[in-house]
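All residue numbers for the sequence shown refer to the UniProt record's numbering, where the first residue is 1 and numbers rise by one.
Errors might be hidden in some of the hints.
Restricting the straight-line Cα-Cα distance to at most 20 Å, the calculated cross-link-like pairs of lysine-lysine (PhoX-like) are [said to hold, decoys possible]: (1) Lys204 - Lys149; (2) Lys204 - Lys93; (3) Lys32 - Lys149; (4) Lys32 - Lys204; (5) Lys93 - Lys32; (6) Lys282 - Lys204.
Simulated DEER-style distance windows between Cβ atoms [unchecked claim]: (7) Leu234 - Trp127: 36 to 42 Å; (8) Ala108 - Ile255: 47 to 53 Å; (9) Asp223 - Ser151: 19 to 25 Å; (10) Pro251 - Gly52: 21 to 27 Å; (11) Ser289 - Ala108: 31 to 37 Å; (12) Leu180 - Arg273: 34 to 40 Å; (13) Ser276 - Val219: 17 to 23 Å; (14) Leu234 - Ile255: 15 to 21 Å; (15) Leu180 - Asp223: 34 to 40 Å; (16) Phe138 - Ala231: 27 to 33 Å.
Simulated from the structure, these hints should not be mistaken for laboratory data. Glycine residues also receive a C-beta, built at the ideal position from the N, C-alpha and C atoms.
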Amino acid sequence: MSLVERHNTIAGESAAWDGGMGSVGDYVALLKPRVMSLVIFTAFVGMMLAPGVLHPVLAAVALLCIAIGAGASGALNMWYDADIDRVMSRTAKRPIPAGKISRQECFAFGMTLSIGSVVTLGLLVNWFAGAFLAFTIFFYVVVYTMWLKRSTPQNIVIGGAAGAFPPMIGWAAVTGDVSLESLVLFLIIFMWTPPHFWALALFKSGDYRAAGIPMLPVVAGEDATRNQILAYSLILTPIAVSPYLLGFAGPLYGIASTVLGAVFFALALRVWRRRSGDEARKAAVRLFSFSILYLFLLFALLLAESVIARTL
Numbered sequence: 001m002s003l004v005e006r007h008n009t010i011a012g013e014s015a016a017w018d019g020g021m022g023s024v025g026d027y028v029a030l031l032k033p034r035v036m037s038l039v040i041f042t043a044f045v046g047m048m049l050a051p052g053v054l055h056p057v058l059a060a061v062a063l064l065c066i067a068i069g070a071g072a073s074g075a076l077n078m079w080y081d082a083d084i085d086r087v088m089s090r091t092a093k094r095p096i097p098a099g100k101i102s103r104q105e106c107f108a109f110g111m112t113l114s115i116g117s118v119v120t121l122g123l124l125v126n127w128f129a130g131a132f133l134a135f136t137i138f139f140y141v142v143v144y145t146m147w148l149k150r151s152t153p154q155n156i157v158i159g160g161a162a163g164a165f166p167p168m169i170g171w172a173a174v175t176g177d178v179s180l181e182s183l184v185l186f187l188i189i190f191m192w193t194p195p196h197f198w199a200l201a202l203f204k205s206g207d208y209r210a211a212g213i214p215m216l217p218v219v220a221g222e223d224a225t226r227n228q229i230l231a232y233s234l235i236l237t238p239i240a241v242s243p244y245l246l247g248f249a250g251p252l253y254g255i256a257s258t259v260l261g262a263v264f265f266a267l268a269l270r271v272w273r274r275r276s277g278d279e280a281r282k283a284a285v286r287l288f289s290f291s292i293l294y295l296f297l298l299f300a301l302l303l304a305e306s307v308i309a310r311t312l
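Between the sequences and the hints, there should be enough to build the whole structure, so can you do that?
So this is what it looks like as structure tokens:
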């Protein structure tokens, strides 16, 4: 490489790292809007299932704060993970590695949103929910992103708790506490996360290997990952049916969750059986895609039954 080419390469890397002059769309991308939409939805379901009534304006404020807190977590995750995001094809076009926003701007943005969402939720709704939101942000950024993600193949198992807290925060916004019902909602998402994410990791393992992230397929191998996917899918099915068994969901949810769980497990079994080649990749992609629909339908059914019960 010539001196001029080396200079251009370093200059290009510096520009990608320093960023700056980001658009509104770039800042929205920092919030991980697809993840945020799931957070908003599950938090809303938690609020609707909770006993008691929250003023519609306060309910909207609570949802907005939970959404902004989730977005802040995403921004701080991108701030810390900027080095590995540049390496992985799935994340290389994010605002920081793409040179659109600097790490300093991202950090300031994330911290401002974190503090603002927590304080607003605490002042206008209740401080228990505000403290819960603060803990969730801390857990995702510090416990998962800074510690677990780069140190253990169990990163997504433990760290997945952060994504499972929103329905509990929504419940807490209404009641000021948590309960068995909100814990069950947490457990559904918590047990869903490993098979969902490991299915993705199976066909993106090269990215994680290149970035030095100890995801399960990289550390333990793809066969061990398939075993874990099958095990978690087997445990998930009865947990997902438990809202009906515990009496806070109706028979429609009970039947649908059983059928959806059977499909989920069948797809996980297909992943377990397909050990190599293009069929193995297709099986992992199918499970990953269906897992998103699966979780959405479970919470949509809970929401629909709640709305119907409130109108009768």
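Regarding the pair Lys93 and Lys32, is the alpha-carbon distance no greater than 20 Å?
holds (13 Å)
Is Lys204 within 20 Å of Lys149, Cα to Cα?
Holds, at about 16 Å.
Between the beta carbons of Leu180 and Asp223, is the distance compatible with 34 to 40 Å?
holds (37 Å)
Whether the CB-CB distance between Ala108 and Ile255 falls inside 47 to 53 Å
holds (49 Å)
Leu234 versus Trp127 beta-carbon gap, inside 36 to 42 Å or not:
holds (39 Å)
Supplied distance hint 27 to 33 Å, evaluated on CB atoms of Phe138 and Ala231:
holds (29 Å)
Quick one: are Asp223 and Ser151 within 19 to 25 Å, going by C-beta?
Holds, at about 23 Å.
Taking 20 Å as the top limit, are the C-alpha atoms of Lys32 and Lys149 close enough?
Holds - the C-alpha atoms of Lys149 and Lys32 are around 18 Å apart, at most 20 Å.
Can the suggested window of 31 to 37 Å be confirmed for the beta-carbon pair Ser289 and Ala108?
holds (36 Å)
Between Ser276 and Val219, is the Cβ distance one that fits in 17 to 23 Å?
holds (19 Å)
Is it true that the C-beta distance of Leu234 to Ile255 lies inside 15 to 21 Å, as the hint says?
holds (20 Å)
Take the C-alpha atoms of Lys32 and Lys204, compute the straight-line distance between them, and say whether it is at most 20 Å.
Roughly 19 Å between the alpha carbons, so the hint for Lys32 and Lys204 holds.
Hint compliance for this structure: no hint is broken.
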